[in-house]
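Take a look at the letters that make up each chain.
There are 2 protein chains.
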Amino acid sequence: MLNGVHWIAGESVSGDRLFHANNPVTGERLEPGFPEATTGQIDSAVAAAVAVHESRVLFPAEARGRLLKAIARNLEEALPQILERGVLETGLPAGRFEAEMGRTCSQLLQFAETVSTGLFREPVMQSADLQREPLPRPDLRRRMIPLGPVAVFGASNFPLAFGVAGGDTASAFAAGCPVIVKGHPAHPGVCELVGEAITSAVEEAGLPSGTFSLIHGESFDVGVGLTSHAGISAVGFTGSQAGGLSLWRIAAQREVPIPVFAEMGSANPVFVLPEAINESGEEIAAGLAASVLLGVGQFCTCPGILILVRDENSEAFKASLSRELFQGPAGTMLHQGIHAGYQKGLQEVAERNGVELVGKGPTSSGSCDAEAGLLAADARRFIDDPVLQAEIFGPSTLLVECDDLEQLLQVASVLEGQLTATIHATENELADHPQLLARLEDRVGRLIFNGFPTGVEVGESMHHGGPWPATTDSRWTSVGMSALERFQRPVCWQGFPESLLPEDLSADSGSGIPFRLDGKWHGRPSI
Amino acid sequence: MLNGVHWIAGESVSGDRLFHANNPVTGERLEPGFPEATTGQIDSAVAAAVAVHESRVLFPAEARGRLLKAIARNLEEALPQILERGVLETGLPAGRFEAEMGRTCSQLLQFAETVSTGLFREPVMQSADLQREPLPRPDLRRRMIPLGPVAVFGASNFPLAFGVAGGDTASAFAAGCPVIVKGHPAHPGVCELVGEAITSAVEEAGLPSGTFSLIHGESFDVGVGLTSHAGISAVGFTGSQAGGLSLWRIAAQREVPIPVFAEMGSANPVFVLPEAINESGEEIAAGLAASVLLGVGQFCTCPGILILVRDENSEAFKASLSRELFQGPAGTMLHQGIHAGYQKGLQEVAERNGVELVGKGPTSSGSCDAEAGLLAADARRFIDDPVLQAEIFGPSTLLVECDDLEQLLQVASVLEGQLTATIHATENELADHPQLLARLEDRVGRLIFNGFPTGVEVGESMHHGGPWPATTDSRWTSVGMSALERFQRPVCWQGFPESLLPEDLSADSGSGIPFRLDGKWHGRPSI
Chain A
1 MLNGVHWIAG ESVSGDRLFH ANNPVTGERL EPGFPEATTG QIDSAVAAAV AVHESRVLFP
61 AEARGRLLKA IARNLEEALP QILERGVLET GLPAGRFEAE MGRTCSQLLQ FAETVSTGLF
121 REPVMQSADL QREPLPRPDL RRRMIPLGPV AVFGASNFPL AFGVAGGDTA SAFAAGCPVI
181 VKGHPAHPGV CELVGEAITS AVEEAGLPSG TFSLIHGESF DVGVGLTSHA GISAVGFTGS
241 QAGGLSLWRI AAQREVPIPV FAEMGSANPV FVLPEAINES GEEIAAGLAA SVLLGVGQFC
301 TCPGILILVR DENSEAFKAS LSRELFQGPA GTMLHQGIHA GYQKGLQEVA ERNGVELVGK
361 GPTSSGSCDA EAGLLAADAR RFIDDPVLQA EIFGPSTLLV ECDDLEQLLQ VASVLEGQLT
421 ATIHATENEL ADHPQLLARL EDRVGRLIFN GFPTGVEVGE SMHHGGPWPA TTDSRWTSVG
481 MSALERFQRP VCWQGFPESL LPEDLSADSG SGIPFRLDGK WHGRPSI
Chain B
528 MLNGVHWIAG ESVSGDRLFH ANNPVTGERL EPGFPEATTG QIDSAVAAAV AVHESRVLFP
588 AEARGRLLKA IARNLEEALP QILERGVLET GLPAGRFEAE MGRTCSQLLQ FAETVSTGLF
648 REPVMQSADL QREPLPRPDL RRRMIPLGPV AVFGASNFPL AFGVAGGDTA SAFAAGCPVI
708 VKGHPAHPGV CELVGEAITS AVEEAGLPSG TFSLIHGESF DVGVGLTSHA GISAVGFTGS
768 QAGGLSLWRI AAQREVPIPV FAEMGSANPV FVLPEAINES GEEIAAGLAA SVLLGVGQFC
828 TCPGILILVR DENSEAFKAS LSRELFQGPA GTMLHQGIHA GYQKGLQEVA ERNGVELVGK
888 GPTSSGSCDA EAGLLAADAR RFIDDPVLQA EIFGPSTLLV ECDDLEQLLQ VASVLEGQLT
948 ATIHATENEL ADHPQLLARL EDRVGRLIFN GFPTGVEVGE SMHHGGPWPA TTDSRWTSVG
1008 MSALERFQRP VCWQGFPESL LPEDLSADSG SGIPFRLDGK WHGRPSI
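Chains A and B, in that order, are what the protein sequence lines are. Using our numbering, you'd call the opening residue of the first sequence number 1 and step up by one each time. Using our numbering, you'd call the opening residue of the second sequence number 528 and step up by one each time.
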């Protein structure tokens, strides 16, 4: 069933420098081996993608919608094989794969629906006014076009929803860009299966094969080769800060720099104010522990820092939190690299001056099994030591204890960029401290009240992004329909007659795309 | 009238390391001297701007609109002094200052109008659905907030419209960001006068003085200090490629990199096809010469490369072009640096292998007076030698002669990123070569048919941008209302009760800002 191949412009391609995935539960090496992409293979994939972009075959909305729907269909069909292999490669439970497949396909179909409405492309036109003084006004028509071939680096922690057919790929296709995915080496089998589903979908949608390629690589060289290739126009990445920032730097050093949209996770601070602890400390502690433990802490929105004020209730809160965190083994992490990184990160922070290791949970015997961790530090230490802000990717959290609300505000002021910040408070309590909201808003992409940061809704109001270093560019989201805006750019056509205009810039073509002409919308749903 | 001062958070501030502007016509040094900003002065300006941003006083649309209108009013009043000094500092005719003041004020008022409609901020909201399976949906509300303090580097060639109160400043204020302008050292007197007008406007609008600062500097250090300051969130720049790319690199090396929106000009290639030359060669040659000579060639949209096919009419076209270009002195350039750069650039390209200097125009006797230049090269040479694509900032153009339309398409394929590309052709002729449009569209921000690239309309359909190296980010425009989108970013508020929401995220506040709630627009003008 699995052949250990790249999918390059419609062809399955093998190689001889092989790497293998491992079963994180048993430590066993999984067959088959997968090839490292060569420079020549990267060139072939990119050349095919460039040709597709230049042909403009992905520009029409209809082609993009057809492709997205075909991918969703093929993925659903391939679920049994993907699930079977995925459980072996990731240690994730089968139910998680089913749920993630639901999210992945619904995301593809949402993009297909959005594309069909013409939203996000929306041309804006102004008619010529040749009588205008002092100078005549030319006919001007502006619309978005796809940026060009996009390189996607899938995440290890969401092998489907942020993987080969995940949000970055779906949004790049929705924008009309050919895609080349560098598969995550921790689950190459899942990558091959999903890549096969997309390759078939491209053919079924009647599109040229260069629309999609999947290449494998365990070494950093493959990612470097892809990101620095002159034919690549943008990069989508979900993963670690080290990985994302490396790609960003490579892209910035190109002769023609390109945008790298890296969503790199963050520490997702949670502020628990005194009245909230007083009113419902137990419940908040239970919710926070569940959020820390969710997916064995391997979510980019895992709450890694909890800030509270030391008072007569805070010790009880801390005890509840320990109890909830340590009630059982935290589970199997995705692969040895993540597992080792978690242990190292936890130890490094625990050894910082003024940090106390409050406790560790039990563990079970699997090769990548993790134990939950709870650290604590005085706010003064936290404010002075930026190392304490580092994301420890895994099921641990750092309790930061403040003398008073004034110091809690100081903690808010030194935070680096975050995907999210959460506040637990009573309504009155927070109304008395509006500065907290302002300070946090300047540092995050999403603010949460009396909730938990894990669980990222796919919807038009979501923003999954945030200031550096949570992402490389705070103005974009990697979740939700707006994600496609990352992969397009405006072009203005001036003075062209109707016969020479592209369909979507013609007011008379009947393309069905909503447009704005001389200040008035045409065909835009009034909803 | 002029005091040789910075305007730092409402105060006029002098210094002792002084530099002077020169009159480009007479070469005479102009009094007074202007101070180089010190590190301490940069710190003061940025600290004041950060405090204003954190106070959120610029977030309400009403405050932003009031400020923009007050600036336009004060500038109009200061026109006589600005004009008197501006003519001395730039050599530009008085009429040019009047026209540019019109554009500058109308731009400010357009932004005020746009801000008042709430467009570009448009919150998108989804109500909670606590019954949803498998998980309840939280209440989610997303809207744009200002990025934070913006550093603006004004251009020398549009001392008003792209200067201290130009498009970058206006759009940053419109987005709700405090602004610190680094004035252009070629016209510090104009900068001081415009800075004074803005400083008064900030006070009249009842806003804190840190909303705006103007600092001077002739050395590169001042720009470096400002761009690398931790309190700056974004940079707007209009000017040379060398200057823009330097700032971009400095910003990329910061601990927290920030976006630099640099509009750096380009060679703006013009393709003149055989039938167009046959039908109206004389007229096109006259139009192109006028476009090359406009503003002594000191426009970022100056057509610096003309591509045509060698045939029985092309020599006559070349002769017409020479005649039109060389019929009089080209005029006085803005300052000695630009004048010297023009002469050097012209000579460097003229000395490349295979390039012919077809001719130079007459010159007059001013210290910065320029002569028009016409260069020619075979398309083969152009394709092989990237140096021939460099923008020569001034009144010259390079004629690229092709054997046939196939070779002309090859020329289109090797072009680097451009603000604009122009095609002169008959409708049938271009319809026969659709590849030309596709290849050019991938390389430009604006395509022009049977027109000229100079003259950038301020309107909602305009796009003044383009792929690297014309700008640092092809997805944004520096002209038109969309320019404000560069300086804001989305934030999502999850689960907040009405009482804790900012006014513009409340569906009930009656703020007048249009919003989308559960898929339906409220208060958005249906035009």
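Keep in mind that the hints were calculated from the coordinates and are not lab data. The structure presented is a predicted model; accordingly, all values stated were derived computationally and were not measured. Don't take each hint at face value.
Examples of chain B residues lying across from chain A (beta carbon under 8 Å, computed) [said to hold, decoys possible]: (1) GLU581; (2) PHE747; (3) GLN870; (4) ARG907; (5) ARG908; (6) ASP911; (7) PRO913; (8) THR981; (9) GLU984; (10) SER1001.
Where is the CB? At the ideal position from N, CA and C, for every residue including glycine.
Right, here's what the structure says about each hint:
1. GLU581: 6 Å, holds
2. PHE747: It is violated, given that the least Cβ distance between PHE747 of chain B and chain A is near 20 Å, above 8 Å.
3. GLN870: With Cβ-Cβ at 28 Å, over 8 Å, it is violated.
4. ARG907: Violated. Min distance 22 Å.
5. ARG908: Violated: closest Cβ of chain A sits about 21 Å from ARG908 of chain B, beyond 8 Å.
6. ASP911: 17 Å, violated
7. PRO913: At about 10 Å, which exceeds the 8 Å cut-off, the nearest Cβ of chain A leaves the hint on PRO913 of chain B violated.
8. THR981: With a minimum Cβ separation of about 11 Å from chain A (threshold 8 Å), the hint on THR981 of chain B is violated.
9. GLU984: 6 Å, holds
10. SER1001: The hint holds - SER1001 of chain B has a Cβ within 8 Å of chain A, the shortest such distance being about 5 Å.
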